[in-house]
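In case you want the letters, here they are:
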Amino acid sequence: MRRLTAIVLVALLAACVWPQAPAQDNGRVRFRAVDVIIDTGDAPLAAYQFELAAETGTIAIVGVEGGEHPAFAEPPYYDPAALQKNHIIIAAFSTQTDLPAGKVRVARVHVQVTGDTEPEYVVVLRVAASPDGTHIPATATASESRGETQ
Amino acid sequence: MFDPREQGKERERAVPKALVDDLGALHDVGLTVPPEVDRAVLAVARQRIAADRVRPSQLRPLLRWAPVGAMAAVAVFFALFLVPAGLHRAHEKKAHKSPRTTPYVEREDIDRNGEVDILDALALAHGIESGAALREDWDLNGDGQVDKRDVDQVALAAVSLERSRYQ
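Going line by line, the protein sequences match chains Y and G. Residue numbers for the first sequence, in this note's numbering: 1 to 150. Residue numbers for the second sequence, in this note's numbering: 1 to 167.
Certain hints may be false.
With the Cβ distance kept under 7 Å, some of the chain Y side facing chain G (calculated, not the full set) [what the hints assert, rightly or not]:
#, residue
1, Ala47
2, Gln49
3, Tyr77
4, Tyr78
5, His87
6, Ile89
7, Ala91
8, Val127
9, Ala129
10, Gly133
In silico lysine-lysine, BS3-like type, Cα no more than 30 Å apart, as pairs [claimed, not checked]:
#, chain 1, residue 1, chain 2, residue 2
11, Y, Lys103, G, Lys148
12, Y, Lys85, G, Lys148
13, Y, Lys85, Y, Lys103
Everything labelled a hint here was simulated from the structure, so no lab data went into it. Even for Gly, the Cβ is constructed at its ideal location relative to N, Cα and C.
Model the full structure from these sequences, guided by the hints.
Take a look at the structure:
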């Protein structure tokens, strides 16, 4: 009789817990890469600084890598405290003479996305400067890279 | 119980009367003070003693000024202790509220434009690469030299999440 009661209790407990597991799985997890592109027009880009955030969706930043141009190929500066958060400030500069101009991918940010809501990224360009440190007119955009990483 | 006075009387009784009379005559100057003189001396003495005492009427002017004196003492106390303390507090409060007369400049703000950003790191890197005279206060990590590590420190200060608008 005791054994039967224990089995029934375990079954009830399992029945209570079981529906909660799929609820957690509702927030499916996937990894994405977000490219940040700065367009400086004709002006050479020697330094940049921007803030990236996801205003919708649930993301956690998991890594940052450099850009496509050799002048910004090294991983940029960022606060390690931004990892696992949904916003980050990224900056880099180059003292090289060969500098990119026009549209250039300056950084790639790897994020973990949780849930069904697709994140909307906002990038605020704080600094885009020429080699002598003067601000140049530029725009910045952030978009998910095509190659999704699982 | 031993009483020295009784002992003195016993001794007096033991002295012969003739000796007592002779001694009395020796010191007797034959002068008697009339009672009027006695009274007059006493009256003068009383007057002098009374004159030396402070009369209540003499205290009245002092009592009249006592509240004024007390108020003056309180005023002095306020002036010496409370007013300076209050002024000090007010000054501190004012200093807290009013903008600084001298703008605060962060150490990482190399170009002194009031903002720490990647351009400060760029300026410092240019300074190091060009071999220009480097300021001592650019040695941010305190290792005795201004080099790439200081540039990194400036750049990391620029990207600190404390500067995020999403705080």
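Status of each hint after checking the structure:
1. Because the closest C-beta pair between Ala47(Y) and chain G is about 5 Å apart, less than 7 Å, the hint holds.
2. The beta carbon of Gln49(Y) comes within 4 Å of a beta carbon in chain G, closer than 7 Å, and the hint placing it at the interface holds.
3. Annotation: interface hint on Tyr77(Y) holds; nearest CB of chain G at approximately 4 Å, less than 7 Å.
4. Given hint, Tyr78(Y) at the interface with chain G, holds; its Cβ is 5 Å from that chain's nearest Cβ, closer than 7 Å.
5. Checking His87(Y) against chain G: minimum C-beta separation of about 4 Å stays under 7 Å; hint holds.
6. Because the smallest distance between the Cβ of Ile89(Y) and any Cβ of chain G comes to about 4 Å, under 7 Å, the interface hint for this residue holds.
7. Because the smallest distance between the Cβ of Ala91(Y) and any Cβ of chain G comes to about 4 Å, under 7 Å, the interface hint for this residue holds.
8. With a cut of 7 Å, the hint placing Val127(Y) at the interface with chain G holds, because the nearest CB-to-CB distance is about 5 Å.
9. Taking 7 Å as the C-beta contact cut-off toward chain G, the hint placing Ala129(Y) at the interface holds, the least distance being around 6 Å.
10. Interface hint at Gly133(Y): satisfied, since its Cβ lies 5 Å from the closest Cβ of chain G, which is below the 7 Å cut-off.
11. A threshold of 30 Å between alpha carbons decides the hint, and for Lys103(Y) with Lys148(G) the separation of about 29 Å falls inside it, so the pair holds.
12. About 28 Å separates the Cα atoms of Lys85(Y) and Lys148(G), which keeps this hinted pair within 30 Å; it holds.
13. Restraint check: the Cα-Cα separation between Lys85(Y) and Lys103(Y) comes to about 27 Å, which is no more than 30 Å; the hinted pair holds.
Against the hints set out earlier in the document, no violation occurs for any number.
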